[in-house]
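Chains as they are written, first to last, in the numbering used here: chain A, 1 to 720; chain B, 1 to 82.
Hints listed in this document are in silico derivations from the structure and should not be mistaken for laboratory results. Cβ coordinates follow ideal geometry from the N, Cα and C atoms, glycine included. Mixed in with the good hints, there may be bad ones.
[Claimed, not checked] Label-pair ranges, simulated between beta-carbon atoms:
no., chain 1, residue 1, chain 2, residue 2, range
1, B, G25, A, E225, 19 to 25 Å
2, B, G25, A, T700, 39 to 45 Å
3, A, R523, B, G25, 37 to 43 Å
4, B, S21, A, R523, 51 to 57 Å
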Amino acid sequence: MSRPDSRPLRIALVGNPNTGKTTLFNRLTGSRQKIGNYPGVTVEKKYGAWHPGGRAATLVDLPGAYSLAASSPDERVALDFLTGHLAGEARPDAVICVVDASNIVRNLFLASQVADLGLPLVIALNMSDAAEQTGIHIDAALLARHLGVPVVRTVATRGEGSGALEKAVLRAVDGRLLMAQVPWPEAVQRAVHYLADGLEKEGVAPLEPGELRRILFDQRSAVLERAGWPPEADPQPLLSAARDILSAAGLQPVPAEALLRYEHLGHVTADAVRFPEKRRRTRTERIDAVLTHRVWGLLIFALLMFLVFQSIYAWAGPVMELIEVTVAAVQERVAPWLAAWPAVQSLVVDGLVVGVGGVLVFLPQILVLFFFIALLEDTGYMARGAFLMDKMFGWCGLNGKSFVPMLSSYACAVPGILAARTIEDPRARLTTVLVSPLMSCSARLPVYTLMIGAFIEPSHGAVVAGAVLFAAHLLGLVVAVPVAWSLNRFVLRTRTQPFLLEMPPYRRPRLRDILWRLWERAREFLVRAGTVILAMTVIIWALVYFPRPPEVRERTVAALSALNDPSAVEHAVEAAYLEQSLLARAGRAVQPVFAPAGFDWKITVGVLASFPAREVIIATLGTIYGIGREVDAGSGDLRFALGRDLWTHGDRAGQPVFTVPVALAVMVFFALCLQCGATVAVMAKEANWGWAVFGFVYMTLLAWLGAVLTYQLGTRWLGG
Amino acid sequence: MSEAVISLAALPPGERGRVQSGEDGHPAVPRLLALGLLPGTEITVVRVAPLGDPVEVEFLGMRLSLRKADAAAVRVEPFTAR
Ligand SMILES: Nc1nc2c(ncn2[C@@H]2O[C@H](COP(=O)(O)OP(=O)(O)OP(=O)(O)O)[C@@H](O)[C@H]2O)c(=O)[nH]1
Ligand SMILES: [Mg+2]
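Chain A with its partners taken away, still in its complex shape (with noise of 0.2 Å):
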């Protein structure tokens, strides 16, 4: 067939979720969309360019779907996409559907929902290699006969098929192949014609039939409303008519299209499927016997995410000493290049190898993190987690499948945030959306290890260390509870929807897709440290470094004339700049604020620094002991300086700044604070930016009362 081939064609991946259809479209278009082993990975649909047969095309990942009734913004997604009603998107020219052939009729029933809205098709019949092993049998060629679409055996996640998949869209798209129709009855008809002369008095644009059967079976379709249904009418008597229609002629209108499209895929895949004789107990099933069972399945969880923050320690440890050392070793190297420039020699010794480098420290930890958090996702083990902890979602008001962006959330609140699109209930999802961000995100890790390494570890052990870090992580998840359910009681009022998970096979995760996730991490972190992280460092430096009055030496060195010790004289000079920059003076106006939760000017400046990003503390923290340190001390290990800072006024003067409880509070107001606007940005576009601030203000007074609570309570029990 000739076509000019000037556009390029548009090709829709679309199927039931965790079905494959990321990997096939990563192996198709080379590229690195997320893929992962549980239902609603992808949340938005994305593009990549493909070339079957040299032809250009388009091919679009869209979020999986169980069927066009499109009940959570992620399903609608796809609707909206297939039927062309989103401004700027063309009808797609064929759409592969990724089928599961383990539970073929079933995704069967997403594809002839498709084929109806009058789509070219292909089905892509995906984790053959697993259907094959427990003894399910496909004749491809025979159920594509059946058919009357190309349906190509594929392993997505060997490449295997890819070659037959261009083929068949090509045949597809030139051949306009149309799957076969259920044959619908008489009624289904009558209904259709009688709902489409409905909406012609409605003003509404003619639509197709397959469309209008949309608009009949689902309860409320947003079909309707993007085809232009005048929102003031109301469209539920003529819908009642319709469906009326139907059950004169014995039909019940809600399991109607159930009922017959599930009768007629049993008659088309009949002689195509093989089912096993026997079904084994397959390995997930045994697995499950374990890991949800009703007591061992609430214990092995708990003891795995301890696990998990215990290895964080355990595992980051040396290749952090490596980066401390290096850092120390490049500022013993860089210094006395630079004597000649005091100024330059501080900005580069002071600032940026302390700053930004005190946070590179941090990307081993980061990295363990996301390595667990991998291998959680890609096993299986993540709908295990939704599945034993829905209950206490459910008494919050959250759903289970608030879980995974929860636990999303912990390696950053960004994408935990997207991943709540497959809460089906507005309310429920904004819930998730205004919790999310309490979770402890990878981001936060650089504090608690700073405070637990300088002050917890020394005096109570490695133990002792990452049980700290632990209950910091679960501190969110615990303050998130009464959150929610006051969301839900006092503001939100959401309803409960119903809750269905499929639970995927467990499978082996693969080392490759897991290297390459950890790589885009860091490769964000080094990116993150190398920009904001950057430029705050500089602007810090520069309010912690001026200004510099002369007289300010003059009179301190006149103080001190009868100390012969010059590098005592120097240390002093140094520290009264400090306590005359404008960092500091900014931060002893503030810092009557955080007086209650024990912090100085110098927390208070690191704590205020930090809003547009979290990190920012180290750095900050990083400059002002690395500017005001003493000399003869010569460390520029920031934990030993925090430990040696004495309060120079005030009824504590002359004790450590840091004590224990200084410390908790420090992780405490980090921990439930909402420093990071990359997190409120992403807040303001999935609800608005209302709600985003609206999460920003209750967060900052739930980190402040934290920390006063936590500094005061400790203080208390555990002595100043």
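Since chain A is already given, all that's left is putting chain B with the ligands on it; use the hints.
Coordinates of chain B with the ligands only, in the frame set by chain A:
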């Protein structure tokens, strides 16, 4: 045989049953239908979550977890003779 029709939520773990009907107007019903849980389908309650909810069921080779409140919308006829 047809005397005992109970809700899926009341089916004890390990028991099988045959779906009879779904409650009209319950929001979970259309979604379960789309998954192939039609009248006549055999369904097993595999287990109940440690905290008492949700339940995991198996039908047509698929394993699904759903809350008891949603399972209650499905009427099943238990297989008494096993
Ligand atoms: N055994 C096997 N596993 C596969 C195959 N294709 C994908 N997988 C695995 O199936 C899981 C799901 O893959 P994804 O590509 O994320 O699935 P998806 O359809 O995009 O999922 P959603 O975006 O959640 O709808 C991953 O763990 C993949 O590694 C296959 O052909 N065989
Ligand atoms: Mg996907």
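To see whether the hints hold, each was checked on the structure:
For G25(B) and E225(A), the hinted distance range of 19 to 25 Å is satisfied, since their beta carbons lie about 21 Å from each other. Distance hint check: the CB atoms of G25(B) and T700(A) are about 43 Å apart, consistent with the given range 39 to 45 Å. A C-beta distance of roughly 51 Å is found between R523(A) and G25(B), which places it outside the suggested range of 37 to 43 Å. As the Cβ distance of S21(B) to R523(A) is approximately 54 Å, the hint placing it in 51 to 57 Å holds.
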